[in-house]
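Take the given structure of chain A and dock chain B to it, following the hints.
Protein chains: 2
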Amino acid sequence: MHILIIGAAGMVGRKLTSALVAAGEVGGNPIGRLTLADVVVPSAPAGFTGKVETLASDLSAPGAAAALVASRPDLIYHLAAIVSGEAEADFEKGYRINLDGMRYLLEAIRLEGMREAYKPRLVFTSSIAVFGAPYPEVIEDEFFTTPLTSYGTQKAICELLLNDYSRKGFVDGVGIRLPTISIRPGKPNAAASGFFSNILREPLSGLEAVLPVSKDVRHWFASPRAAIGFLMHAAELDTSLLGWRRSLSAPGLSATVGEEIEALRRVAGDKAVALIKDVPDARIISMVDGWPKNFSTKRAESLGFRAEKTFDEIIRIHIEDELNGKIGG
Amino acid sequence: MHILIIGAAGMVGRKLTSALVAAGEVGGNPIGRLTLADVVVPSAPAGFTGKVETLASDLSAPGAAAALVASRPDLIYHLAAIVSGEAEADFEKGYRINLDGMRYLLEAIRLEGMREAYKPRLVFTSSIAVFGAPYPEVIEDEFFTTPLTSYGTQKAICELLLNDYSRKGFVDGVGIRLPTISIRPGKPNAAASGFFSNILREPLSGLEAVLPVSKDVRHWFASPRAAIGFLMHAAELDTSLLGWRRSLSAPGLSATVGEEIEALRRVAGDKAVALIKDVPDARIISMVDGWPKNFSTKRAESLGFRAEKTFDEIIRIHIEDELNGKIGG
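Sequence lines, in order, name chains A and B.
Quick note: the first sequence, position 213, residue 213 per the working numbering, numbers continuous.
Quick note: the second sequence, position 91, residue 91 per the working numbering, numbers continuous.
Don't read these hints as lab results, they were simulated from the structure.
Note that this is a predicted model, so its numbers are computed, not measured.
For glycine and all other residues, C-beta sits at the position ideal for the given N, C-alpha and C.
All the pointers check out, no bait thrown in.
Derived lysine to aspartate or glutamate pairs resembling DMTMM-like cross-links, with alpha carbons at most 25 Å apart:
1) Lys93/A / Glu116/B
2) Lys119/B / Glu86/A
3) Lys215/B / Glu313/B
4) Lys298/B / Asp141/A
5) Lys168/A / Glu88/B
6) Lys168/A / Asp90/B
7) Lys168/B / Asp289/A
8) Lys298/B / Glu142/A
9) Lys93/A / Glu107/B
10) Lys298/B / Glu140/A
11) Lys298/A / Asp141/B
12) Lys293/A / Asp141/B
13) Lys119/B / Glu88/A
14) Lys298/A / Glu142/B
15) Lys93/B / Asp172/A
16) Lys298/A / Glu137/B
17) Lys168/A / Asp289/B
18) Lys168/B / Asp90/A
19) Lys168/B / Glu92/A
20) Lys93/A / Glu112/B
So these bits of chain A aren't anywhere near chain B, every CB distance computed over 10 Å:
21) Ser18
22) Ala19
23) Val39
24) Ala67
25) Tyr104
26) Glu137
27) Ala192
28) Gly206
29) Arg225
30) Arg265
31) Pro280
32) Met287
33) Arg306
34) Glu320
35) Asp321
36) Glu322
Only chain A is shown next, with the shape it has when bound in the complex (with noise of 0.2 Å):
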């Protein structure tokens, strides 16, 4: 099979294409082709054997997705958009690359189509932040879509959109709604959720983090690997027991940050604690107040979805995938 990934060359992205590379098929059915898109040309996956193709793409120019979809893949990932922050502050560049270019796509597959019959798996990354406050304690599968930035707008609009292209016959569409991650990889970034990872990361390799909250702040997460394991799940999902609801909350971990913080110290001991320094910020916590708790994940659990339930868990999976099994500092 033909697998196209749109954003492979994200965090996410190349994580999802070692481990499709790795697993050598998806649902029984032996990977013969990659296609690896991304704004920048991503790297080629080590160790696969088919034939790949590496490129880059703008999936917000005119044009852009036909050219992908010409060679007719039988999975697609799309994975690539801006991130909220950059969608709040740039909102043309927002609606261009989050909105249009999930358009284009939809449309350059179902053109494909009406030219020779085609309807391939399509994986949409959607985002929690489709929701948005006030929410109950815990956000139920059927809770109401009232996203309040420009992001969890756009990715709202991406699921209507997928769930009618979907329902007409022209894709098979499933869409994730993703857990913040955690411990993302990687060095500090300024996005104000990084935090949720920073107090784990770098104390993880001998070095300090900032907490800008106070402990008791709840939040919603998953890691890494079980993002990937959502993605490639997806892809093989009986799709017709999502009726044209296509969208899913993926499961995840609710977690205060006193709780990652003793899972930390379980894990890697005070030495590792003492590295946290309290530093508050008030924009941070103001915005951190408007984000989700908890959810149930009833739905998406009864499809098969899994997630780790502590996070003792989510600090191990850190060490093997990111540290080589070792602590460090």
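Using the frame of chain A, we list chain B on its own:
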């Protein structure tokens, strides 16, 4: 004040224009200028002493929205849409008119505001088609939007855009999800929902009407007069009370076909009821099965929106507004 009505040639557009001219003002501001646009040139209203312009404009054509907005109307009604059946049959046309048209309009307003401060009130006619079966017996204000038609998808997307453009301060939006309008004036048409009006309107004029479903079918109604009332009230509403959830399910009347018929009997007698012929239609029976039956509209009611409480009242309004007070036949 200057009012632009897009979709002014339709049934709602014509009645709204007349009602605005009769009122002479909106929220205490005299109406000095009317711009009436539609794909066909709307008629100029009788009895209006201010400036009036009528023009043909296809909102889905690039540049059309900017031309309409260039005169900086204070209040814009966007009523233009192709209906559910047509949007389902012609996928491209539905998205072009119902989605792209709204985006062009919102973008034209935003860009006009970047040239020089501008934030008009925009009243948009949404639809209960943003909801999809299965429904609870009563659809509450916070029920989730899972449309099962392309038309409903397009309206749900427009609602999300209206929220985001309002939140960003580009426009002051209000969306009204209209109930099924009954008694719809004019001739019977091909709309699957037409019979709800036909079985009252035709007998009130001494003509036969066909009933394609059983008498226990329940649905959600408001008169044309109530619908115009919603749109007039939306223009004056204190939108700070809406937060960023700018669309409302309008109040209405939940009634069965049997209740409609008994109201007809009370107002116009057995002779009128005898003109209704049962001709079951499997296609319509199956479609109607997926339509909403009842709503709780506490939010709109608390904001001052009002509809009829009985079908007797709806029938009397039709007799007053369409039949010069006289039952025909």
